[in-house]
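J.: Each chain, letter by letter, is given below.
Number of protein chains: 2
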Amino acid sequence: MHELRKDPLMNRWVAVMSDSMAPGDYQLPENGTTETECVLCSGREKDTPPEITAVRGYGSRPNEPGWLARVIPSFRPILNVEGDLGRRGVGMYDRMNSVGANEIIIETPEHGKTSAELGFEQMIRIISLYKERIKDLEKDLRLRYIMVYKNSGKEAGALYSHPHSQILATPVIPRRVKEELDGAKRYYSYKDRCIFCDIIREELRTGDRVIYETKKYIAFCPYAQRYSFEFCIMPKRHFCAFQEMTMEEMEDLGLMLSAMMKKLGAILKNPPYNYIIHTAPNMIPRRDHWHTLGEDFHWHIEVMPKLERVSGFEWGSGFYVVTTSPEDAAKYLREA
Amino acid sequence: MHELRKDPLMNRWVAVMSDSMAPGDYQLPENGTTETECVLCSGREKDTPPEITAVRGYGSRPNEPGWLARVIPSFRPILNVEGDLGRRGVGMYDRMNSVGANEIIIETPEHGKTSAELGFEQMIRIISLYKERIKDLEKDLRLRYIMVYKNSGKEAGALYSHPHSQILATPVIPRRVKEELDGAKRYYSYKDRCIFCDIIREELRTGDRVIYETKKYIAFCPYAQRYSFEFCIMPKRHFCAFQEMTMEEMEDLGLMLSAMMKKLGAILKNPPYNYIIHTAPNMIPRRDHWHTLGEDFHWHIEVMPKLERVSGFEWGSGFYVVTTSPEDAAKYLREA
Chain Y
1 MHELRKDPLM NRWVAVMSDS MAPGDYQLPE NGTTETECVL CSGREKDTPP EITAVRGYGS
61 RPNEPGWLAR VIPSFRPILN VEGDLGRRGV GMYDRMNSVG ANEIIIETPE HGKTSAELGF
121 EQMIRIISLY KERIKDLEKD LRLRYIMVYK NSGKEAGALY SHPHSQILAT PVIPRRVKEE
181 LDGAKRYYSY KDRCIFCDII REELRTGDRV IYETKKYIAF CPYAQRYSFE FCIMPKRHFC
241 AFQEMTMEEM EDLGLMLSAM MKKLGAILKN PPYNYIIHTA PNMIPRRDHW HTLGEDFHWH
301 IEVMPKLERV SGFEWGSGFY VVTTSPEDAA KYLREA
Chain G
337 MHELRKDPLM NRWVAVMSDS MAPGDYQLPE NGTTETECVL CSGREKDTPP EITAVRGYGS
397 RPNEPGWLAR VIPSFRPILN VEGDLGRRGV GMYDRMNSVG ANEIIIETPE HGKTSAELGF
457 EQMIRIISLY KERIKDLEKD LRLRYIMVYK NSGKEAGALY SHPHSQILAT PVIPRRVKEE
517 LDGAKRYYSY KDRCIFCDII REELRTGDRV IYETKKYIAF CPYAQRYSFE FCIMPKRHFC
577 AFQEMTMEEM EDLGLMLSAM MKKLGAILKN PPYNYIIHTA PNMIPRRDHW HTLGEDFHWH
637 IEVMPKLERV SGFEWGSGFY VVTTSPEDAA KYLREA
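In order, the protein sequence lines correspond to chains Y and G.
Counted from 1, the first sequence has number 5 at position 5 by our numbering; the numbering is strictly sequential.
Each number in our numbering comes from the position in the second sequence (counting from 1) with 336 added on.
Chain Y with its partners taken away, still in its complex shape (with noise of 0.2 Å):
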């Protein structure tokens, strides 16, 4: 089994995989695989593991083509469903079980669509297909928190060509989702309101970074982005957890996100990116944290496009460069 490692310095956990790859297995990076042998199309349900959810044509039966959109487990999993959390010492250092789940959303048919073209009436379908999961994950009190991503394009991470995102649920909260819940935190007990609302204020006053703007959501470049291009996606309503979007919130955010997927592709060249959706982390184990958290945390989207290979320098120091002011870069997104 794998299992969850825990850097002492850094509070870090991290996936140590149990069958290691040996040097010679790191090869050089592929080339994309083309439709004939890609196992998420259409037509090659009995190769993929037993779907979990789906967006299906009236008619169509699980597991057969049909379907417009479809959740399957990850077929490679990082973390296992089954089983306990077996925390344990290790001498100085800490571990436990790699419980959890990897699942894979399958975001249309077609091989060939680009995040571009997917449509909103399809972005709706995939949103939805958030919820549910996040909504069935969160049932499962081993788990501290499920993250919905996307990695577009190879230099972004993306294992297949085919539009998809992924979801992975811990039971520990990631770092770096722990470092914005304590940030939100702090701005709160120092100014009494929450950090999110008073950026969206800030950015309708200033108007320099905002991209586009729909009835209950604003897209923009943050102030202190860290890499070009970058932006955000925030519901204009303070609530913390994505899951609790009401149905008119759902479809406005499909109507935001396939208009900036256009804008994107148009400017970049449907440049590889990832986004993450950094909701709040599983309320039911920790109920009593519930109140606070409802008030000082709001849920946003993080679109990242991937131009520029960034050094080990950024990573390790965490101080980044950027080549494109956010200022410009919303007006070139403004204007796409």
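These are calculated hints, taken from the structure and not from any lab test.
Note that CB positions come from ideal geometry on N, CA and C, so glycine has one too.
You may find that some hints are simply not true.
As the list claims (entries may be wrong) - With the C-beta cut set under 10 Å, the calculated list includes, among others, these residues of chain G facing chain Y:
hint : residue
1    : His338
2    : Thr542
3    : Ile612
Could you slot chain G onto chain Y? The hints should help.
T.: Quick look at chain G alone, frame taken from chain Y:
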């Protein structure tokens, strides 16, 4: 002038360049430059900014051939040596001027040498230049941190194929460095012991992650490593600042670093990699913190081969997946 901006949520500073790149300027990665067009090679001294310091053969003159290793200012500096910090608020955000220093250490006049081929005598010259530059830069009271690092190979973010390392001196303590200092302080206040000294003892006790040991240093794969084949070099003696090593420790580090580079080059065929020297922040402007810092921090070098594309997910979440366990990686490196 470029500016430094602070992320209000994450307390992270980023450098925003004043001359924004347009979307069309982001090119696909180029191939490595060849020797004939390399500006860092011997004979091209007139095409670089005037050298800051160098290790030179007998009778050779500054900015002429005859050097063994050479330090120059960066061609396109992110931080400027002149000017004051100009700290100020902008709406709800914070910024300051981009004051600091960027330098390039040209590690050898020979373009085609790999790190594995430099040899320990040349490695000692390079280390002595690191030490000299840190000792000079720490006199500048505006500077809080001096980071010495190396990006080797395009995949690791290197801008030149000629062997070189870099120095970035910043008016803020980079976020990742601050977290490490905080982590070390937390451990010290709980245990009354240096966490790095404890880690050295634990690694020597179990032995299965130790790669190589010299009289003064130990090299090992960290228990909760983030990247496969990542390793750490630590001095056995407890001291917090790189530049305070003795002559004997400097020679021994040359031996250690050149041996480790040979091992890495042998098992992974000269992979792209980064190394970062983690040393204490500048002492001079904050002499009152000196005593604690001296006790709870312990300088070290982190070496990270870049074998796989790290996805935005790992980046964004701080949750890493390791495909070769540290115990197996140490075994391969030990036996190389």
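J.: If a hint holds in the structure, say so; if it does not, say that too.
T.: A quick look at each hint next to the structure:
With its C-beta approaching chain Y no nearer than about 9 Å, histidine 338(G) sits inside the 10 Å limit, and its interface hint holds. For the restraint placing threonine 542(G) at the interface with chain Y, the shortest Cβ-Cβ distance is roughly 6 Å, inside the 10 Å limit, so the hint holds. At a threshold of 10 Å, the smallest CB-CB gap from isoleucine 612(G) to chain Y is about 4 Å, leaving the interface hint in force.
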